[in-house]
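Going by our numbering, 274 is the number at position 269 of the sequence shown; the sequence numbering is gapless.
Quick caveat, the hints were computed from the structure, so don't treat them as lab data. Do not rely on the hints blindly, as some may be mistaken.
[To be verified] Pairs of lysine-lysine residues, derived as DSSO-like cross-links and limited to a Cα-Cα distance of at most 27 Å, are as follows:
{"id": "1", "residue 1": "Lys270", "residue 2": "Lys448"}
{"id": "2", "residue 1": "Lys868", "residue 2": "Lys1066"}
{"id": "3", "residue 1": "Lys392", "residue 2": "Lys296"}
This structure is a prediction, so every number in the text was calculated from the model and none was measured.
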Amino acid sequence: MPINFTVVPVEAQGEERHGQRQKKEGEDNERDESSGDGIAKESSPFINSAEMDGGNMFEGKNMALFEEEMDSNPMVSSLLNKLANYTNLTQGVVEHEADEDSKRKEIKVPHMGTFIGVYLPCMQNILGVILFLRLTWIVGTAGVLESFIIVFMCCACTMLTAISMSAIATNGVVPAGGSYYMISRSLGPEFGGAVGLCFYLGTTFAGAMYILGTIEILLTYISPSAAIFKAEEVGEETGAMLDNMRVYGTCIIILMAIVVFVGVKYVNKLALVFLACVILSILAIYAGVIKTAFDPPDFPICLLGNRTLSKRSFDVCAKFTESNNGTKTTTLWRLFCDSSLLNATCDDYFSLNNVTEIQGIPGIMSEVLTDNLWSTYSERGTIVEKKHQPSVGASEETKTGGLPYVFTDIMTYFTMLVGIYFPSVTGIMAGSNRSGDLKDAQKSIPTGTILAISTTSFIYLSCVVLFGACIEGVLLRDKFGEAVNGNLVVGTLAWPSPWVIVIGSFFSTCGAGLQSLTGAPRLLQAIARDGIVPFLQVFGHGKANGEPTWALLLTAAICEIGILIASLDSVAPILSMFFLMCYMFVNLACAVQTLLRTPNWRPRFKYYHWTLSFLGMSLCLALMFICSWYYALIAMLIAGCIYKYIEYRGAEKEWGDGIRGLSLNAAHYALLRVEDGPPHTKNWRPQLLVLLNLNNEQLVKHPRLLSFTSQLKAGKGLTIVGSVLQGIYLDRCTETQKAEENIKALMGVEKTKGFCQIVVSPNFRDGISCLIQSAGLGGMKHNTVLMAWPQSWKQTENRFSWKNFVDTVRETTAAHQALLVAKNIDLFPTNQERFTDGNIDVWWIVHDGGMLMLLPFLLRQHKVWRKCKMRIFTVAQMDDNSIKLKKDLQMFLYQLRLNAEVEVVEMFENDISAFTYEKTLMMEQRSQMLKQMQLSKNEREREIQSITDGSIRRKSYSSPQSIGHDAQTLLSNDYREEKAQLIHDRNTASHSAPVVKESAATPVPEKVQMTWTKEKSVAEKHKTKDSNVSGFKDIFNMKPNQSNVRRMHTAVKLNGVVLNKSQHAQLVLLNMPGPPKNRKGDENYMEFLEVLTEGLGRVLLVRGSGREVITIYS
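All chains, please: the whole structure from these sequences, using the hints.
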């Protein structure tokens, strides 16, 4: 959709000022500062570069409304100016986002167009060794129809990949790195690294294949006498040839590596020469086809019966010749007979069949196409035979070894031919790999690549038909041209001479090998400089001009592995796997981006669809397994290992990739599918909200709580780690970020997989409540709260911790959530500790959903607790049958599939001891005393405030500073006295509500007509002290509440029983009693829990949600 822009002029600043701005912008154009939000972003050459040019101080004069945002949001004029001046970096040096020096180098403007920059390089890379050395053999073996299917499948695969690649390449700037850059930025660093390395290995093995093709042309068709190893016996020809390949291949790869090291510019200059050789060779083939219509070339083939004979060993295709002197036997006779005499003993098949000679290239006007339509697959060592040729069969005992027949060197079948052919259509990335050198990459890459694939596909498909229509089938199946005196088969068809093809193919394969050794190291360098594979970073370095020296050495070493394999037919399927995997992920990247419809997915190339990408991906995957299922599995295993390695080492790159977007979409879909309600009992597991306390430096006070979380969860289910900061968010946003970073770092150390949520609230209590209510999303909400026991609840400086704790217990109960309270959390084991023995003791007092039984089972899945035994204790009352109770509990555990020892503890009722009575009395006396202290302090604070306010209103001669100082002195003195009077702890309670109410009802005068003096301060202090002393005398005469006495009696008795049985247990799990319904007893509730767990080590107090969490059913 076209967009119209209107430029509105703003009042000019004057010529001098404008000149200063332009000068300043030019000076600051090299700077690169990060944006001020502290969030890591992908660097951009023109947006948020934040080098707010010095001219901005003038820019903002007319835009004062936006002047405070100028640091992060540049003026449109500045942005467009940077965009106009932006240029790509040169190919293979450094990517724009990974510039290590953080400054741009002076480079020349890219100038390559579509034809030179994309079309011709793609043509050169696609057309190569397979066309000249193997296509005729593939057509002869698979037949024209199946060969057409093979070629069409491979070309369709590359065309679909090119469409996907064009969409990705036109979705923004594609710097150096080409295909690797596209995949990694679309699918993320893990996929990018894995597929990038696979593409690198494919390119490297392609270099080995081209070098092997070069040697095969040299030793088979140009100079057979140059072979170092000769076959001494019949049947050793293949082994000798492979040894020659290894020796010559090693020499050539060393030579090529030196050429690439000395200077890539020489390789680039020779590229056009090599391409010219390819084009001339193809034109010679088409010219030869046209010539066969009226004057077929003379390449006779000698047949014995229907068997093809190799002409390397004889000249005359006859058994004997007639001359004036009589009949003479030929060289062929002597090869099949034991002597040159006419009455010699000869091979049976030779004796029974005649020798005939047929034309190897009958021409396009002949009907040879019908004979070549169908496939002729064969086993290794089979003689190449002509169809429909009459022959007389010999006995099965007749040996064919050592006779001059043309044999097949490998077993042939359809899928194997696909693997050998596919490398001939690779090379479609050549244009995208040069993206840094293109004038307009977004226009040139799609056009040039698709045109190149269209052209080469037409050449391949037409060659399949023309070869089948012009060349005899036995000659097509003769891989090395032995039936035509060792000539290159496709060369016999060419015009004006076979040497045009031989020389052209030799130079084209040399050039392709050099191109592979040039491109592969640059690809490895791009991957290494991204830093996603740590052990490859050394290969990111090179010479001063950016040439990848170390990467070249590694490439040559890997290429040598392909050379040592030595067989072109064995190397081709290997690189097919790597290229197919690369193409598959290009299609996947395009499909993912299209289906996600991410806002940034706006490719200029419009002729794509996700179905085409998906079809291309499926075709690539199918071709991988068609070529070779075991090679496909090995390639996938290599890519998978690289993927997991990058994931394990933690790729710190965030490229806005499609896999992350896909994860978000999948998470959104899954959250919508999950029912917003409690799961079935069989699916229930503790989804934890872990409440952490932080110190003043925003560090976690109890790291062992996260250790226990990871031991309990083992990475399964939901874990939300929350904490509350007291204050206002605007004031504490920086501390919030710091706290979140610290918690996430600790989660990483403790291997706690989950999410972190920090809440800033004016009140700590409200923050906890907010977390319990709102943490989670949709059906993925917590059902269990885990927190540490407030050890300091008795200490003066932490005066409200007990009330927060009790309110948290009440809120989890109201929200139908379970609560786990870890007491003595600092004694809990770390993830590195291992218990070799010991018990996990469960004290099952009341049934609140069965969570007590489930927790030890989950803990024992972790290595820390694995060797601990589970023991379950239950308490029997007076009227219970202990034996039956134990038997029933054992049966219940058996049905729950839990292994545990069972013990029933009898706890009979007895008289309340004097110790219990005295402990309860002390608890209530202390609580009442603290209430009196708190009340008197509150009254004094209100009186001081009213006095201060009255003094200010009267504008007394006393200064405000002196009033404030005296008030603060009084408060601090009172506080010190209170602290000295405390016995064990101090709590706020609601027993003083009537007193507070009464004092609140007392009217406070608006104005206090007095002056605060030191004498009055001392008198007021003594007055308050006397009232407190009288209140304390009443406290010491009080009697304990009977309900509290009974609760304390239960706590003391139960604590004694637990200590007797579980004092040395590794972990004790106890039912946690709920807080009293009457809030007046909150402070006593904490004391009951202290008494209940007194003397125990690691304790986990468990309060279930009330719903069943464990079931006997499957």
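Status of the hints after comparison with the structure:
1. About 26 Å separates the Cα atoms of Lys270 and Lys448, which keeps this hinted pair within 27 Å; it holds.
2. With a CA separation close to 25 Å, the supplied pair Lys868 and Lys1066 stays within the 27 Å bound.
3. With a CA separation close to 26 Å, the supplied pair Lys392 and Lys296 stays within the 27 Å bound.
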